[in-house]
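**Student:** Protein chains in written order, with our numbering: chain A, 19 to 346; chain B, 7 to 574; chain C, 0 to 394.
For the record, the hints were derived by calculation from the structure and aren't laboratory data. We treat Cβ as the ideally placed atom computed from N, Cα and C, and that holds for glycine. You may find that some hints are simply not true.
Distance ranges between label pairs, derived from CB positions [what the hints assert, rightly or not]:
no., chain 1, residue 1, chain 2, residue 2, range
1, A, G121, B, R318, 54 to 62 Å
2, A, N294, B, F170, 50 to 58 Å
3, C, V50, B, H30, 23 to 31 Å
4, C, V50, B, D70, 21 to 29 Å
5, A, P32, C, I149, 51 to 59 Å
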Amino acid sequence: MLGYIFRRVLYMVPTLFGMSLISFMIIQLPPGDYLTSMIATMSDSGQAVDPAQIERLKQIYGFDDPFYLQYLKWMWGILSRGDFGWSFEWNQPVSGLIWARMGSTLVISLLSLLFVWIVALPIGIYSAVRRHSAGDHVFTFFGFIGLAVPNFILALALMYVAYKYLGLSVGGLNSPEYAEAPWSFAKVIDFLAHLWIPIIIIGASGTAALIRILRANLTDELHKPYVVTARAKGLPEYKVILKYPVRIALNPFVSAIGWVLPHLVSGVTITAIVLNLPTAGPLLFRALVSQDMYLAGSFILLLSALTLVGMLLSDLLLALLDPRIRFN
Amino acid sequence: MATLPDDVVLSVEDLCVDFRLRTHILHAVEKVSFQLKRGQTLCLVGESGSGKSVTARSLLQIVDRPGQIVGGRILLGDGETVTDIAALHPDSRTMRAIRGRRIGLIFQEPMSSLSPVHTIGSQIVEAIRLHSNMDKKVARERMIELLRHVEIPNAEKMADRYTFEFSGGMRQRAMIAMALAGDPDILIADEPTTALDVTTQAEILDLIKRLQVGRGMAMLLITHDMGVVAEVADEVAVMRFGRIVEHGPVDAIYHAAMHPYTRQLLASTVKLTHHAEARQPVSALSAEAPKPVLSVRNLGKTFGLAGNTTLRAVDNANFDLYPGENLGIVGESGSGKTTLGRLILRTVEPTTGTVLYRPKDGQEIDVTSLDKKELRGFHREVRLVFQDPFASLNPRMTVKDVIGDPLIVNGLAKGKALEDRVSELMRLVGLDPMGMERYPHAFSGGQRQRIGIARALALEPRIIIADEATSALDVSIRSQILDLLLDIRQRLNLSFIFISHDISVVRYFCDRVAVMHRGRIVELGGAEQICTAPQEAYTKSLISAVPNPDPRDKRMLHRQRFIAPANA
Amino acid sequence: MSIHETLGPHSKPPLTVDGPSISPLKQGKTVSTAAIGPWRLVAGKLVRQKVAMVAGAIILFLYLVGLFAEFLAPALPATSKPQYTYAPPQGISLFVTKPDGSTEFNLHVKGYKVEIDKAALRRTFVVDDNKVVPIGFFVKGPAYQLWGLIPMDRHLIGPISPSDPMYLLGTDRLGRDVFSRLVYGTRVSMSVGLVGVAMSLILGVVFGSISGFYGGWVDTLIQRIIEVISAMPTIPLWLGLAAAIPLTWSPVSVYFVITIIVSFLGWTSLAREVRGRFLALRSEDFVTAAKLDGSSEARLIFRHILPSLTSHILAVVTLAVPTMIVAETSLSFLGIGLKPPVVSWGVLLQDAQNIRTVATAPWLLIWPSLAVVVAVLSFNFFGDGLRDAADPYDN
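Let the hints inform the model, and build the full structure from the sequences given.
**Tutor:** Here it is, written out as structure tokens:
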């Protein structure tokens with residue numbers, strides 16, 4: 019098992035390298051850079067440009083260096099001292115901006131994952147066991163709707179309904195009066211009251227997808243000979259199903275974290291932009307539009323790394339669940 | 007309520023099972039009646055699709071949907087009272103109490119019949135505790151006792167292992183232990199040895215028989231193999247298309263069969279215990295051509311496995327194939343016989359050794375050093391017939407395209423000439439050329455195998471390598487295909503390398519036989535000599551494990567066991 | 000020589016039954032499928048799935064709408080009438096009540112009147128039941144060029160007097176007809192899906208086949224690249240790529256770059272699917288048989304492997320189209336995808352970004368959203384049906 023974990027972690031290294039390369043390439047794509055446009059704007063508006071400051075930044079980030087050298091410098095900064103670069107727009111180190119935002123992204127993603135599981139598991143089992151029943155058809159229908167409605171449309175629709183009929187403004191994760199307040203019990207309650215809308219929005223499509231996966235897998239498993247064996251022992255039907263086929267159909271369910279998580283992180287990003295949540299999304303968006311390259315690149319890199327960690331966890335969980343993987 | 011005679015534990019009366027399908031109702035079991043008696047074995051025998059498995063499952067009410075019991079009674083005796091299983095609800099408490107407790111069940115595929123994610127021990131403990139109020143510790147002791155009972159060595163340790171860590175025979179033993187967990191008085195074994203090698207089959211049958219007699223259980227054994235029936239049955243019921251066509255004591259069935267289907271089934275089985283009459287002695291052919299067409303020398307293949315271990319799939323194989331000869335290669339699964347066939351064709355590249363081929367012009371060709379183009383020429387003369395008649399034909403090509411493809415690829419015929427040649431080939435293998443525009447899915451297994459043979463013959467080969475070519479077929483079809491191959495050999499003067507796990511098939515079809523065990527050819531000799539007077543210990547055990555389709559001469563009772571040397 | 004003769008005198012089966020007994024449930028035709036080709040079997044299987052067929056009809060309808068957008072839309076997408084900002088949708092009525100109380104057939108919509116919202120000090124339009132705007136089919140309206148080629152001025156439906164207001168789905172901030180814009184948006188959004196998926200398909204099939212057929216280090220490399228791309232969350236990647244498009248580019252170039260971006264991330268799942276099927280098929284006996292028949296690698300791939308793959312690929316492709324549509328819509332909605340004057344569903348939804356706007360003019364959110372959802376649903380249902388039907392030999 020330890021060997022397996024070690025190998026699995028080792029396997030992540032080249033993937034992470036590839037991700038960092040792609041992240042860096044993306045932020046290098048736009049012609050020009052932030053510094054040039056900043057100097058232009060400042061000169062236009064008659065502000066004094068501190069040539070020393072600019073020269074220093076140029077030096078540090080080597081805007082005149084070739085691509086690979088800039089990349090290596092950036093990576094070296096991250097690996098050696100956790101320095102993700104400088105945010106030109108905010109005029110402060112990137113590392114100071116990202117962690118709080120990444121934290122809330124992580125919390126919302128994990129809560130959404132939990133929501134997805136809790137909802138999808140019983141419905142998936144029900145749909146597979148009572149295939150083609152009225153309940154199955156209803157769930158299948160809603161499942162399809164969940165898959166078909168893009169996150170941001172769902173967000174807009176919920177916002178509209180809440181605004182029009184409940185008189186609520188549903189943006190953000192806290193009511194205005196708590197936004198700047200220190201954490202307290204009341205703030206936590208307020209936070210939770212705001213949380214359910216984004217979680218439903220983000221989780222909807224993942225839930226629908228997982229229900230379909232579980233239903234399909236469980237339907238296959240229900241006809242396997244080992245199920246007949248369990249039945250022939252004299253086990254009651256619910257035990258037959260829960261202990262054997264469900265247990266085995268759980269494997270694809272668990273390994274689904276691997277692709278549900280990138281999906282959820284994506285969902286968090288766009289939903290956060292619409293609902294104005296204090297997660298990575300809005301800041302990333304702004305950074306991209308204003309070519310604040312290190313901030314944008316760091317976000318893309320970290321969001322990718324987040325999904326990679328999710329995949330690692332799902333693989334480990336799977337190994338724990340399935341002896342065939344553990345022993346191989 | 008009816009009562010049962012003293013020795014009868016279960017009586018099936020006019021059982022009917024229907025499958026309601028989209029366009030029609032399939033009457034899978036029709037008016038089937040039989041009785042199971044204490045300490046006796048009833049064999050339900052029939053070919054695929056005869057409804058024998060459905061019958062067995064009905065007894066436990068575990069027929070898969072859309073199957074449904076629509077008529078008849080299944081009376082289970084219990085001292086004074088009699089229960090009609092057919093009238094019970096499948097999920098009722100009474101029914102569940104019968105499953106496992108009164109009737110134990112063993113399946114064909116021990117791998118897929120056991121859960122892959124639970125340990126063997128836990129699955130058996132579950133079965134034990136379901137029908138008794140033992141606590142976990144006692145149940146575990148009982149489980150280990152059961153494992154010992156079914157002769158699993160190191161029972162304590164093996165109990166905590168998973169199915170994939172067991173060999174096929176050990177898995178089936180575990181399955182038997184589980185079926186015995188509730189101490190049932192009826193045991194249903196549904197093709198319990200079909201997935202196993204012949205020596206393992208002998209051991210498992212032996213074990214089941216001993217347990218059944220020792221515990222005085224009534225047994226219902228379902229099989230397609232008349233040899234197995236002769237070895238273990240007291241009574242036999244022959245099923246065909248959902249009906250029992252003949253029913254009687256085993257001796258009467260084998261020596262005084264009334265129904266033509268029973269006679270046909272027996273004839274095709276018994277035929278395979280002898281030499282084929284149509285076969286000519288090799289010497290007559292080889293007198294003029296003393297040189298072999300194919301010589302295999304020191305051929306070997308080593309596969310690298312995980313963790314720096316290697317597997318010698320084929321180890322130093324040597325043999326000659328003479329013109330017009332049928333050479334059999336027999337062995338159990340994992341013996342390397344299939345790999346050997348692939349090495350000769352170089353679809354798997356050999357690690358060591360040479361394959362010498364002598365074409366018509368008499369030159370010697372070293373197959374192992376041919377380049378891609380020359381290898382194509384070799385493949386024209388040495389052809390392969392596959393085991394699976396379903397997987398080996400492209401479902402998206404018509405029969406004409408399938409048989410004609412080698413002709414087109416090699417630029418030998420097209421247009422009208424191609425059509426004529428395909429017709430000729432189809433007639434040669436006993437198919438109607440009218441069907442050439444059809445797709446393979448319209449043909450039965452035996453017919454598809456004929457299409458595969460026609461494809462192999464299209465290029466006028468000199469050698470055909472047949473890899474388990476008859477294994478997927480029912481016994482009556484099997485002998486037809488073998489006769490076809492013998493007929494074709496004589497007409498076209500072919501040589502065959504016939505790879506099979508089935509000794510009776512090899513005996514019927516081949517002139518000489520090479521016996522393989524763990525990658526080595528352990529014995530090579532005349533087919534008759536190998537089958538009647540084997541020399542090597544392994545061959546002896548193999549031959550003696552083959553069930554004999556004659557209840558008056560049960561071979562397995564005095565079979566010889568082979569214990570492999572430790573370093574092999 | 001007959002095969003049965005070799006069985007000996009006793010074994011010729013004089014059996015009456017030739018199979019298990021069967022009771023047909025439906026009378027009538029029992030067509031033999033013996034000589035029916037695989038494509039007809041797939042089609043036959045597909046036709047039996049009602050939902051998939053309905054979905055297929057809707058997809059066809061949407062593409063037809065896109066194709067004849069100029070003719071179907073009553074107005075031009077960019078024509079703004081500031082006198083009708085945020086006008087609500089009108090319903091079509093069939094009859095008018097004359098002053099004498101009798102009713103008469105007259106296809107029409109109701110006109111508008113202005114109300115002043117005293118609290119907000121705003122002008123709002125409401126439908127005025129007393130004003131009748133007669134409408135008709137094949138009416139003369141604003142001139143256009145069908146497909147940019149054929150000059151025409153007939154529209155499927157429109158007000159009989161061109162200056163009358165007819166806004167079936169309401170108007171937007173600039174008084175533009177939402178219905179017409181939606182029709183034009185259908186062309187752009189649906190075609191983005193198609194072009195994007197075509198590009199994904201080329202990438203996916205090429206890389207998937209190479210990966211599956213050659214195996215070895217080529218396979219490993221391609222698989223690792225796919226792994227990296229598919230592990231990255233798509234929306235941040237899309238954002239990153241789309242944000243790199245210079246603002247100065249022409250709408251047409253933006254359109255193509257957006258389809259490239261969208262397909263850049265969509266090809267991985269296709270490549271995986273193709274590779275998996277390739278690997279499975281490559282070890283099939285019938286492929287080995289073809290190889291031993293002397294087939295070249297090209298023949299092996301094109302004659303034996305790809306035909307077995309195509310129906311599966313078709314299904315996967317259909318299921319990939321909605322991803323493309325959603326991607327375009329999301330990016331355009333955020334303002335970094337397609338931009339006005341191009342009209343797509345995503346561009347239309349940009350107008351619905353502000354919740355207060357949506358509260359005054361909910362039709363700005365409802366109709367484009369509905370179009371997206373219906374399109375995505377239809378592709379999903381149709382693709383699902385196609386996938387189930389893809390293997391005609393699997394029962």
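**Student:** Quick check: does the Cβ-Cβ distance between C/V50 and B/H30 fall within 23 to 31 Å?
**Tutor:** Holds - the Cβ-Cβ distance for C/V50 and B/H30, about 25 Å, lies within 23 to 31 Å.
**Student:** Do the Cβ positions of C/V50 and B/D70 conform to the proposed distance bound of 21 to 29 Å?
**Tutor:** Given range 21 to 29 Å: holds, Cβ gap about 26 Å.
**Student:** Do the beta carbons of A/N294 and B/F170 sit within 50 to 58 Å of each other?
**Tutor:** 52 Å, holds
**Student:** Measuring from beta carbon to beta carbon, are A/P32 and C/I149 in 51 to 59 Å?
**Tutor:** 56 Å, holds
**Student:** For A/G121 and B/R318, compare the CB-CB distance with the range 54 to 62 Å and indicate the outcome.
**Tutor:** About 57 Å separates the Cβ atoms of A/G121 and B/R318, which means 54 to 62 Å holds.
Violated hints for the displayed structure: none, as all numbered hints are satisfied.
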